[in-house]
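Q: So the protein sequences, as listed, match chains S and H.
Residue numbering for the first sequence follows the numbering used here, beginning at 1 and increasing consecutively.
Residue numbering for the second sequence follows the numbering used here, beginning at 1001 and increasing consecutively.
Simulated from the structure, these hints should not be mistaken for laboratory data.
One thing to keep in mind: the hints can contain errors.
For lysine-lysine, the following DSSO-like pairs were computed, each having C-alpha atoms within a straight-line distance of at most 30 Å [as the list claims (entries may be wrong)]:
1) S:K116 <-> H:K1158
2) S:K71 <-> H:K1158
3) S:K249 <-> S:K234
4) S:K71 <-> S:K196
5) S:K192 <-> S:K234
6) S:K122 <-> S:K71
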Amino acid sequence: MTLLSIRGLTKRFGAAEVLKGVDLEVNKGEVVSIIGASGSGKTTLLRCVNLLEDFDGGEIVLDDVAIGYVKRNGTRRRLGERELARQRAMTGMVFQSFNLFPHLTALGNVMLGLLKVRHMAKAEAKTLAMNWLSRVGLSDRAMHLPSQLSGGQQQRVAIARALAMDPKLVLLDEITSALDPELVGEVLDTIKSLAKEGTTMLIVTHEMRFARDVAHRTIFMDGGLIAEQGPSAKLFRNPGNARLKEFLKRANI
Amino acid sequence: MEQFLHELWIARWPLAQGLLLTVEISVASITCGTIIGLFGGIGLTYGKWFLRWPIRVLVDCIRGIPVLVLILASFYLLTFAGINLTAIESGLLALSIFCGAHMGEIIRGALQSIPPGQIDAARAIGLTFPRILAYVLLPQAMRQIMPVWINTGAELVKASTLLSVIGTGELLFRTQEIIGRNFMTLEFYGLCGILYFLVNSMIERFGKFAGQRFALQ
Ligand SMILES: Nc1ncnc2c1ncn2[C@@H]1O[C@H](COP(=O)(O)OP(=O)(O)O)[C@@H](O)[C@H]1O
Ligand SMILES: [Mg+2]
């Protein structure tokens, strides 16, 4: 069953066309990784899906609803802030730089959306948040501020914060790039266990081995377009695109 | 010394009233000023040009005018516009506007220093902008400006002495009245100075305490 369907997505920043017509389908329960050189538009693609950026053409359909814009008699108009917020809540996003709220504890970070977006009662929100913190292995760090946590722990809190909202789709943007090498493993393990449980994820990553082993399908982006895609095992073993071959050689997997 | 204590006993109530009024005016104007500054700072940071631009001009003008001029203007000029305020009211108005303009600039600085990733993360969990302001941006900005805010409070206590020129019965005005009666210039100005110092060092104490309490580590 198709959960996310991107059709002909185009996006420009001023004169620069950053996405040049991206088509992508993601099924429910599928884990799709996106690889590609820096500047190829991976982050922008994720940000468009989460409605953090507006886009110029094409459409993004999430769970059978075209998001971000309304079309009325031929003209296309960005939705209002309220509606955008409601649609954003359907996707979770984890960022390269964690972006935890520094004035809130780990628990407070996870609870904020539960209280203020899902309007849960405090006790219920706390139980659910603690549940997620323990799933990422941090129940003993619930009362710590982000500044008191290691990078790997912060990123796991960020994962719990996104997942606790019960999103239909989770977007991960190079979530291990800002981490010291010895902390990468704990974060990737968390993602692996989510993948096993059937969480639908779109993962931008530089960890080629992780993409190959965890993602059902891998997308190679080049210059604002999807240059090649296929089942991860096949794409890494037998790349067709010349640019992909070169990219993989440089990443020396 | 004995004579000073005697005069002090006579002057105790006017002095206490003056001190109380000084504190009241300072508290009221920092409260109003902070509210004005919140709106100003939010407008300056996130407003569209047609909101940002007029606020910018206002804030820069007010910050460029000496407080004394603001006080005199709100006392004398507003009467020409048919608005008659008492000395205390016009003093409050002037100090609130003065404080508001400075707080607006301070709050803008604090909001702008928050990494844009904070808004991204808050949006990503589905918060609308007013909630992002209330739960993510302002708590961080307010913690950050706490020391400056306390400092502004102390500045206001000092600036409130200027209200004596329009006859507001705050501490300095009362002191001058008392000296007019007993001519103990040195003693009572000295006492007045000590009282201001005490008030401001209490504010500073409170600031340090609050700063530690709300620090982000
Ligand atoms: N906010 C922005 N304003 C202008 N240009 C941008 C902005 N964000 C990204 N870009 C440009 O868009 C291109 C794609 O960026 P990005 O999506 O971040 O690529 P990737 O994540 O694959 O490295 C880059 O050339 C980048 O400079
Ligand atoms: Mg990127």
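Q: Each hint: holds or not?
A: Here is how each hint holds up against the structure:
Restraint check for S:K116 and H:K1158: the C-alpha separation of about 42 Å exceeds 30 Å, so the hint is violated. Only pairs whose Cα atoms come within 30 Å are accepted, and S:K71 paired with H:K1158 is rejected, the gap being roughly 59 Å. Between S:K249 and S:K234 the alpha-carbon distance is near 16 Å, which keeps this suggested pair within the 30 Å criterion. Distance restraint check for S:K71 and S:K196: the Cα-Cα separation of roughly 38 Å exceeds the 30 Å cut-off, and the hinted pair is therefore not satisfied.
Distance check on the hinted pair: S:K192 and S:K234 sit about 20 Å apart at the alpha-carbon level, within 30 Å; holds. Taken as a hint, the S:K122 and S:K71 pair is broken in the structure, with Cα atoms around 39 Å apart against an allowance of 30 Å.
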